[in-house]
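**Student:** Residue numbers (the numbering used here), protein chains in the order written: chain A, 1 to 652; chain B, 1 to 508.
No lab work stands behind these hints, which were simulated from the structure alone. In this text the structure is predicted, and so the values were computed from the model without any measurement. Careful: at least some of the hints might be erroneous.
[To be verified] Within a straight-line C-alpha distance of at most 30 Å, the following computed DSSO-like cross-link-like pairs (lysine-lysine) qualify:
1) A:K359 - A:K615
2) B:K328 - A:K528
3) A:K507 - B:K250
4) B:K42 - B:K328
5) A:K507 - A:K359
6) B:K250 - B:K473
7) A:K507 - B:K456
8) A:K528 - B:K250
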Amino acid sequence: MRRVVRVQLRLGEGMGLRDLLFFTWLYVHLLFTVEPHLVFHARDPVFFLTPEFAREFFDFSGGATAYLSLFLAQLYARDGIGALLLTAETALIAGLTHLYFRTLFGRVVQAVRFVPAILFVMLCGRYDQPVTTGPATLFTLLCALGYALARPRGTVPRLLLYSVVTLIAYVGIGGASGGTGVVVTLLALALLCLLVELRHTRGFFPGLATVLLYLSIPAVFAFVGESYLFDGSKELWQWGFLPKPTWSSLLATAVPLSVPLTAAWVASGAPRVLAALAQHLAKLATSPRVSRKPNPPPPGREALPGLDPRVRWLLHTAVLLWVVLLGVRLSSDEPTRRLMRLDYFALNQRWDEVLEAAKEIPPQEATPLTSHDINLALFQKGLLADQMFHYPQYSRQMMLPFQVPSERGYLYRLTDLLLRLGRVNDAEHFGSEALAVLGPTPYILELLAKIHMVKGHPSAAQTFLNALSHDVVRGSWARRYLQAIRQDPELSGDTEIQTLRQVRLRKDDLAEVTIYLDEAYETSYPVKETMLQNLLRDNPRNRMALEYLMGLYLLDRRPDRVASNIYRLRSFGIERLPQAYEEAIAMYAVNTGRMPPLAGYSVSPNALERYRAFKRLLDQYGGDLGAALPPAQAEFGDTYFFYYTFGVGAGR
Amino acid sequence: MKRFSLCVLAAAVVAVCAVPFRALQGGTPPHGGGEALSRTPKIRPDYTDVVIPPNIAPLNFVIEEPGRRWRVRFSGERGGAFEVGARNGVVHIPARRWRSLLAANRGGEIYMEVRGDTEGAGRIRFAPIRNRVAAEEVDRCLVYRLIGPVFNNWSEMGIYQRDLTSFRERPVFRNRETNYGCINCHTFLLNRPDVFLLHTRPEKGGTPGMLLARQGAAVRVDTRTANDRRPAAYPAWHPSGKVIAYSVNKIRQFFHTAGDETRDVTDLDSGLGLYSVEAGTVARPAALNDPDRLETFPNWSPDGRYLYFCSARNPWPKTRAIPHEHVKDARYDLVRASFDLATGRVGKPETLVEAAQTGRSSLEPRVSPDGRFLLFCMCDYGSFPIYQPHTDLYLMDLRDPARPYWRLFQGETSWRDSWHSWSSNGRWIVFSRKHQNPVFARPHLCYIDTTGRAAKPLVVPQADPTFYDRYLKNYNAPELVTAPVAVPERELSRAYNSGEVRQTVEVP
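Construct the complete structure from the given sequences, taking the supplied hints into account.
**Tutor:** In structure tokens form, the structure reads like this:
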């Protein structure tokens with residue numbers, strides 16, 4: 001007990017202003033650069049406050065840590081709290097590492113506490129980070145520290161204590177260290193405890209016996225546990241970074257393992273060699289006129305002689321800062337961050353910000369979803385028909401293909417798009433696929449609840465809402481709707497639901513398809529053009545169906561179809577032709593030499609002249625599109641002509 | 001003496017503290033006072049006027065009435081009474097008292113009297129809810145598949161068993177043991193927990209097959225033969241345990257783009273096979289494999305002399321493209337064919353319910369253990385009743401051919417009931433119901449008396465009565481067994497993953 005008290009009293013020893021500066025910087029960095037709400041958005045951690053959700057975590061080793069981690073990850077949804085949590089986790093990792101080293105070597109070892117902390121900071125900048133790494137590393141360090149502090153004298157009590165600590169770590173932390181398996185947790189713990197033992201072991205054979213014993217005990221626990229206690233946790237044996245290592249999987253593995261490896265490095269005496277080398281170099285560099293002898297460094301502290309302590313402190317701090325910034329720079333994932341911001345704004349229906357964020361995405365980073373988000377945002381802002389080609393069109397498909405990839409964003413968008421268009425059953429299909437593939441994420445529960453509200457299935461909607469109501473972050477939305485359904489199951493006062501009901505497809509267009517044996521289920525659906533036409537057949541005032549149908553013709557380079565469907569605009573009281581349609585018809589008219597019937601609309605002379613000017617520009621380059629591209633983009637980049645000719649809407 | 005005084009003092013303190021605690025739990029009892037209402041309270045799940053198995057777990061429920069400080073008095077016509085408070089209207093019935101109440105009133109009635117305070121009317125007392133306790137027990141365990149509302153893809157699914165006398169649920173076999181393939185069609189021999197089978201369908205490639213479990217050991221069987229590469233689907237044990245009838249189906253799923261139900265399934269082709277358990281051979285009798293017809297859903301009579309199944313004229317023979325409108329042309333008759341176990345001979349099928357007369361599809365025949373009743377469901381068309389919005393259960397009296405079959409539960413709308421099966425004593429049936437919720441099927445128990453009259457069904461109770469309100473999985477193919485399944489999941493997993501597959505040979 002006396003020993004514990006002594007160590008506790010010395011916790012703050014060696015920690016000070018540098019730590020304060022480091023963690024303050026970290027908080028600001030996380031808050032403004034990483035933006036924890038983007039981590040939350042990217043990871044989409046599902047956590048429900050229900051007994052059956054908690055029960056799922058009893059099934060595998062490490063369930064307790066996984067459960068706690070998922071709960072804590074809910075805090076990422078708020079930037080301030082999320083940054084604070086990640087900073088606190090980093091500080092605790094650094095603090096426990098410091099304590100471990102203090103206990104292991106009986107002295108303060110400078111700077112090493114920052115090793116796992118820096119790795120963890122690097123991990124925090126990744127949007128595919130496992131949310132369990134922080135808590136799992138903390139608990140592993142706590143177990144090791146507990147062992148180091150309570151280490152009894154006899155061999156048998158020591159082995160017993162080690163077994164207990166290993167058992168606790170196996171059951172409580174298990175494979176939750178970040179998808180890298182039980183192996184990493186137990187290996188980290190074993191090495192940490194082993195180092196403690198080896199400090200007290202003399203001789204080769206006793207040392208070898210200790211190594212074998214301390215590695216075999218966790219192996220036995222893991223084997224017995226995975227084989228007989230925890231059914232179905234086979235995947236926890238797999239190493240997350242194999243066969244395709246990612247930054248996140250490597251970092252998640254490195255964080256817990258860095259502590260014993262650093263300790264082994266320190267114990268090997270390598271730092272002293274390096275310090276001696278640095279001393280030698282410093283001697284060569286320092287001037288002989290330095291008369292004042294610096295204070296001797298305190299025991300255990302490798303110092304640079306001949307430097308003022310304040311300068312030395314600044315130098316150490318600068319080196320630390322440089323290492324941290326280098327690490328952050330190396331591990332940062334700016335492309336993902338840019339896409340994640342767009343994703344976040346799109347799924348939260350912040351349309352203005354979608355259009356702003358889209359401008360930051362270079363063409364080479366764009367995905368088909370980028371165009372989808374831009375087009376949806378333009379439609380929601382009433383700008384699609386005019387400004388569709390003001391933005392890059394990376395995808396040549398107006399509607400996402402009917403596929404079921406495991407990509408979360410794709411399935412969310414496909415379901416959402418189909419629901420907005422009025423293809424409610426199709427939305428139910430792909431929403432249910434998302435539920436099967438991704439599990440009950442809050443966003444998909446919200447969509448499925450809406451789908452069944454629109455379909456007039458209040459009880460099914462209530463099931464999804466009840467499940468969602470137990471979500472920590474988005475439960476309030478569900479509770480509001482549950483209340484509304486209780487008061488009026490028809491939701492007759494809900495504008496959104498009523499609007500969706502109005503545009504809902506009424507006639508099953510399955511009759512228009514033929515079922516082929518041995519073919520994929522996509523063949524159960526008619527082609528996209530027919531789907532949109534059928535929506536307009538059932539409700540000619542379905543504006544989204546119209547604009548997406550026209551968009552489909554535009555992207556498909558079918559200006560004749562744009563012209564032949566232009567009469568549909570009359571249903572919406574549109575007075576003048578929107579820019580994209582006008583340019584398509586102008587191009588068609590100039591190329592064919594005749595103006596198609598336009599249901600009373602007319603193409604402006606300006607549009608016709610602009611297309612002629614575009615043609616003249618192309619003619620100047622004699623059909624060399626590569627050469628014509630830069631000037632064409634500069635002058636006509638926001639036109640349909642440009643898209644039609646160059647294949648991608650480059651925007652300006 | 002001093003110790004005694006301390007004990008008295010401690011007891012007094014506990015008693016004083018308990019009063020407000022009890023008040024928080026459910027409020028002080030109104031002690032019979034207050035306005036008496038002539039109606040029963042609205043409760044969820046609806047456990048009013050039902051017939052209860054005498055061995056069922058407590059029927060916990062939620063009081064759906066405006067008010068607070070609810071108390072519920074449970075009593076029986078043959079004695080036994082207790083009272084519980086209901087925090088937030090949620091009634092958790094103590095298991096031991098519940099069991100005693102049911103035991104004392106077996107074959108009689110029990111009452112649930114709800115009292116509480118309301119904002120305007122002060123103390124109120126509802127008319128007691130009356131439920132009858134059956135004399136006959138329901139089989140102890142219910143085995144079902146838990147599966148999400150899947151379309152084409154799935155992740156986790158599993159076959160689980162629920163002890164109906166408590167709330168304990170345990171896995172029988174989960175698809176995590178099969179790398180997340182599909183597992184289905186668990187079928188028991190005469191409600192026995194030690195002899196059963198289930199099917200496994202690996203997701204990509206792999207060998208689909210049957211896991212056959214008997215007396216604690218399991219073996220993997222591939223029923224496909226050189227002539228027919230289709231795996232076995234809906235199975236049924238011959239009561240001797242020597243033969244398994246099964247269907248082979250070429251199933252095609254498709255999706256309606258408008259209307260109430262999105263999913264639909266059709267059998268493009270199907271037929272029946274007989275698997276000899278001991279010999280490991282397969283027979284495809286001509287009577288069960290008419291090329292012009294689609295045969296499916298086999299079920300044996302308890303004496304083993306008849307094989308009941310469903311049969312429809314094949315609307316699309318020898319084609320690979322099916323215009324959608326023909327899908328609704330497949331309507332199934334209910335037929336049976338005689339069977340001789342000694343020779344393996346199958347007689348000519350005779351029609352019991354004709355689709356041409358009903359205009360509907362009769363599916364999933366299940367004969368009661370005493371051989372008297374035939375339980376089946378009818379839907380508008382096709383062979384997948386769970387996806388049909390108009391599916392109801394029907395009962396036929398096999399001992400009285402003159403008596404027309406009848407709809408089990410009356411009502412203006414369809415109950416969307418399917419996947420039904422009998423208890424070993426023939427007095428209970430269990431089925432999946434999607435009446436109120438077209439997405440999620442819930443298991444219901446129903447008492448059938450000796451004349452074939454059905455009582456009002458009750459949903460299988462849960463410890464948390466709000467559980468079904470938020471549970472995102474379906475209870476699929478519930479089957480009653482007399483005791484917990486005797487083959488551990490580890491053994492089933494071993495049989496599946498061992499790589500040993502028992503091949504079958506087709507015999508004429």
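**Student:** Now, for every hint given, state plainly whether the structure supports it.
**Tutor:** Against the structure, the hints come out as follows:
1. About 28 Å separates the Cα atoms of A:K359 and A:K615, which keeps this hinted pair within 30 Å; it holds.
2. Note on B:K328 and A:K528: the hinted pairing holds, with a Cα-Cα distance of about 25 Å set against a maximum of 30 Å.
3. Between A:K507 and B:K250 the CA atoms are separated by roughly 28 Å; this keeps the pair inside 30 Å, and the hint holds.
4. The straight-line distance between the Cα atoms of B:K42 and B:K328 is roughly 40 Å, outside the 30 Å bound, and the hint therefore fails.
5. With a CA separation close to 40 Å, the supplied pair A:K507 and A:K359 exceeds the 30 Å bound.
6. A hinted pair counts as satisfied when its Cα atoms are at most 30 Å apart, and B:K250 with B:K473 qualifies at roughly 26 Å.
7. Note on A:K507 and B:K456: the hinted pairing is violated, with a Cα-Cα distance of about 37 Å set against a maximum of 30 Å.
8. Between the alpha carbons of A:K528 and B:K250 the distance comes to roughly 28 Å, so the proposed pair stays at or under 30 Å and holds.
In this structure, the earlier hints numbered 4, 5, 7 are contradicted, and the remaining ones agree with it.
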